[in-house]
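Engineer: Spelled out from the first residue to the last, the chains are:
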Amino acid sequence: MDGGEGLSAGPVSAPTSASASLRRARGRVSAGLFRRAWLRATLLLGAPAAWFVLLYIAALVILFISAFWRVDEFTGKLIHSWTLDNFKTLVTEPTYRTIALRTIGIAAAVTVTDALLALPFAYFAARLASRRMQSLLFVIVLIPLWTSYLVRVYAWRLILAQDGILNWALHKLGLGSLEVAYSNWAMWIVFSYIWLPFMILPVWLAFERVPGSLMEASSDLGARGWTTFRRVLLPMVLPGIVAGSIFTFSLTLGDFITPTLVGGAGSDFIGNVVYRSVGIASNVPFAAAFATIPLIVMALYLLGARKLGAFEAM
Amino acid sequence: MLERGRSLFVVACVTIAAMVIVGCGSSSNDGSSTSTGASGLPTSIGKGEGQLNVIAWEGYTQPQWVKPFERQTGCKVNAKYAGSSDEMVTLMRQGGGSQYDLVSASGDASVRLIRGGDVQPVNVALIPGWRDFIPQLRSPAHNTVDGKHYGVSLQWGPNTLLYNTRDVPRPDSWSTLYDLRYKGEVTVPDNPIQIADAALYLSRTRPELGIRDPYALTEDQLNAAVDLLKQQRPLIKKYWALASDEIDLFKNGDAVVGASWPYQTITLQADRASVADMIPREGATGWADTWMLSSKAQHPNCAYEWMKWVSTPRVQAQQAISFGETPANTKACPYMDRIERGACAKYHANAPTSYFDSIHFWRTPTSDCGPEGGNDCTDYNEWQQKWTEVKG
Amino acid sequence: MGGGMRLSRIALAVWTVLIVCFLMFPIVLIAVYAFNPSNVQSWPLHGLSTKWFSQTFQNDAMREAFWLSIRAALISTGIAILLGSLAAFAVHRFRFFGRETVSFVILLPLALPGIITGMALNSFFTWGGLNFSLTTIVIGHATFCIVTVYNNVLARLRRTQASLVEASMDLGADGWQTFRHVTLPMIATALVAGGLLAFALSFDEVIVTTFTAGAQNTLPLWIFGNIRLGQQLPQVNVVVLCVIALTLIPVFLAQRLTRDTGALRPVGGGMAGAGSRTRVVAEAPPGG
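Line by line, the protein sequences give chains X, G and E.
Residue numbering for the first sequence follows our numbering, beginning at 1 and increasing consecutively.
Residue numbering for the second sequence follows our numbering, beginning at 1 and increasing consecutively.
Residue numbering for the third sequence follows our numbering, beginning at 1 and increasing consecutively.
Hints are computed from structural coordinates only; laboratory data are not their basis.
Ideal Cβ positions, reconstructed from N, Cα and C, are used throughout, including at glycine.
Incorrect hints may have been included.
Stated by the list, open to error - Stretch-level coverage of chain G by chain E, calculated; a stretch enters the list once three of its residues show a Cβ under 8 Å from a Cβ in chain E:
#1 73–82
#2 96–103
#3 237–244
#4 265–271
#5 382–390
Whenever a hint applies, use it, and build me the whole structure from the sequences.
Structural biologist: Okay, structure coming up:
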C-alpha cells in the first residue's frame, strides 16, 4: 500500500519545487516505514526501552547482585567478595522474620480495608450520583493525592495522640480514651487513609464500565439487589479492585515514613530496616538482601494480578 | 471534533516544549567546583564560593546565627539534618563524598570519618576562636590524629533525663526509665549507641559485671546491657528518631519520661509544656561535636568561614543557649549571661573541667578495649545488630 | 424494588458522606493548623494567628525547595509524556515478541516499593560516578512517571478506531500527516491527563527523592526537614495549604478532561465507554 503518492490531505501549500521534493522525501520515508513494521516498532520502542534497560533494570540488577557482597565495617566501603552471609542473617535471626511478617500482614490488612471502604463509595459515585455530584466527588478524591503525603501522615499524629482530637471527641461522648498512638493500629488506620484514593479510582472506573443493561437484565431475571451485586457486579469489578490493591499493597509494603512518624516501639517495617541499612548504616548489601523479600512478594502479586485482569483495569 | 482536537494538540505540544525548556533552562547551581583537597593546608581563607552544604544535628543551624553569616560572607547555607551519627557518616559518603562540605560530627562518627578518608585536616591557625577553647577540646583524640586536626570542636553536652513535671516526681536515677510504673510512657533514642547508656546504668547497679567504660564492652557485658534494654522494651512508647518525635510525645501526653537532648526540653518549655530535665546520679553519656571538612568539599572557603564564625564567642553563646549545650570557647560565658541571665552557670560554661570529666562522651566502640582491657571488646557492627534485635 | 432499594440507596449515600469526611478531615486540620500560634502541634488550638504566612513566604530555603520541585516535576513529566506515548504506540500497534513484558516492566517502578527503586538508583549513580543533582532527581521521577502516561495513552488507543488511521492513509496522507492530524488529537486529552498525574506524583514524591537528591531539597524533603526540627511546623502547613489552593486548578482540569473522554461518564454512556473496539465503528469518534 503506497501512501506517498496521490492526493494529499491536510493544508494545501503553494507547490514550490523545494516543498514538493520535501513532500516526496517524506512520502518515501513514510512508505518505507509503512512496509517495514519492525522498523517502526523499533523506532517507537527504542527510546523508552533504552531508558528502562540502561537506567532502571541495570540499577536493579546491580543492586541485587550486591546482596551477595559485604561492606567493611569501619570504612563502609563495598567489598566485592561473594558471600551468603546477608541471607544467612535474614534466615537465622528471628527479628527479621517478625518484621517481614508484620509488614506483609499490615499491607494485606490495609488492602482489604481499603477495598471495603472503597466499594460502596465507588458504586454510589459511579452509578447513583448525579453528574455534578460526580464531579464534586472526583475532586474530593483527588485533593488528598495533591496534598503532601508527609503532612497528611503528620496530621494523624495530632488526631491519634493521647491528648489528641480522637480522644478529646471520645471524652466528650463519655467513652474512654483509646491508646492508639504510635502503634500498629495507628499505622493500619493511617495507611488505609493515605492509599484510599488509589483504591477508589480504579474501582470507580470499573463500576463505570459495567453496562447498565447488564444490571437491568439481572433484575429482569429475578435477582434482587444483593444477588445482582454478588454474581454480576462483583466479578466485573474485580479487576478494578485488584488493580487498586496493587497500589495499596505495594505502597504499604515498601513504606518506611509512616512507621517512622506514627509507628511505635514494635512497628518496624521492612522499609525501615532497609532505610536504616542504607541511609544510616551504609550496609547496602544487607539492605539489598532484605529487599528481595518485598521484591519476590510483589512479583508474585503482580503475576496473580495479571491473571485476574488487573492490568487492563488500570 | 478535529478542530478542538487540533487546538488541544497544539496546546499539548507547546506545553511539553515549555516544560522541558523551562525546566532545563534554569540550571541548578551545583556549586562552583573549586579546586579541592589541597596537598598542604591552606594558609588563608580565599574568596567565598557562594554556597555551603552542611550536615548538622537538628538545631545546629538556626536562623539566629545563620542569617548574619550569610549576609556577611555571601555563603548560602544548605543544611541537611541528621538524627544520629550513623546517618551523618552515611550522608558524608553519599555520592562519592562530594555532596557536603561540613558535618557536625560527634565523637562516635568523627573517628570513622577520619579512618575512612572522608574528611581532611584543617588549619586551626585560621580559626581565631580555637585559641580560646578549653584545653580538652583543642586537640581531643576524637578529632585530632597524629597531631593533625581533622576539624574544629564546636560544643558539647549531656544526654539528659527528660520528665513531665506533673506526672513524674523529680527523678534522680536512670532507673526511672526502667520503672514499670511508666509502662508505655517511656521514650529513648533510636540509636545503637543507647546500649552505652544501659551499660552506664549497669556499671553502677551491677558492679560485678566490671563495666568500666560504657563503650568498651565484652561479649558478656554487651549481652547484659542488651537484656536490660529488652526488658525495657515493653515500657517504650516509641523509640524517637527525630527530635520532633520526642517533642510531640511529651507535648501530646504520649510519654512522660525519656532520654533526651536539651534541645527538646528548651523547645517544650518555650511552648509552656510542664517538663524539666536533669542528669541522674549515675552520670550521663554525652557528645562533643566537631565541624569536620569533607575531603572532597566543593566549597572549602565558605566552610572555613563557617568554622571561623561558629567559633566566635558570641555565636558560641547563642548556640549554647539555643540548644542547651556547653560552648567550647571559654570567652562565651559573658555573652551567655547577656542573652539569658545565669545561662553561663546553668550550662556549666564557666566550670567545665570536673563536669566535663563526668560525661562519658560518645565514641565508636571497637574491639580494642582501651589501655586496661584486651582486644576482645565488641565493635559497633555488633552493637548495630543487637540494637535491631532489641527493637524487634 | 421500592423500600429495599431506597434503604440501600440511603445507606450508600451515608457511607459516601462518611468517606468524604474521612478523606477531608486531615486536610481541614492541616489548613486550620496553618494558623497555629504555637510552633508545636498539639490539641486544642490556642487561638489563631497569621504570623506564619509572612515568615513562610520570606523563607529562602522554602522558595528554593519549591522551585526545585517544580523544575523536577516539569522535566520528569515532559520525559514521561514522550517516552510513555512512544511505548504505548509500540505496544498498541505491533505484535512482537515480549509485548507483555513491556507493560510489566514499565509498571515495575510504580509497583515495586519506592525504597528499592531509590536504593537501586542511589547505588547505580554512585557506582557510575554521577553527581547527585537535578539530573539524578529527574531520572528517578521520570522512571515511575512514565507508567501513568503509558497507561492513559494505551487505554485511549484501545478505545479508538484503527480504521481512522487507515482511512487517513487511504486518502493520501503520509505517516507524519496522519499522526499530526488524526492520531495526536485523539490522544491529546489522554496525554494531558496522564501528564497531570505524573506531575502530581513527581511533585509529592519523597522516598525515591531521599535517595537521589544531593544536598538540595525538593519541597517534600524541605517539609521532612522541618518535621524533624519540630520548630517551624506551621510554616509547613502554610506551604501545603497554598499548594492545595494552587492545585485545585489542575484538579478541576483533570476532572473535566476525564469526564469528556468517557472515563467517568454516567450510565448512559456506558456502552461507548465499554471500550470494545469493534462496537465503536458505527458510533461517532470518541471525544467528539
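Engineer: Each hint should be assessed against the structure and marked as holding or not.
Structural biologist: For each hint, the structure was consulted:
no. : hint    : result
1   : 73–82   : holds (count 5)
2   : 96–103  : holds (count 4)
3   : 237–244 : holds (count 3)
4   : 265–271 : holds (count 3)
5   : 382–390 : violated (count 0)
Hint violations for this structure: number 5 only, all remaining hints satisfied.
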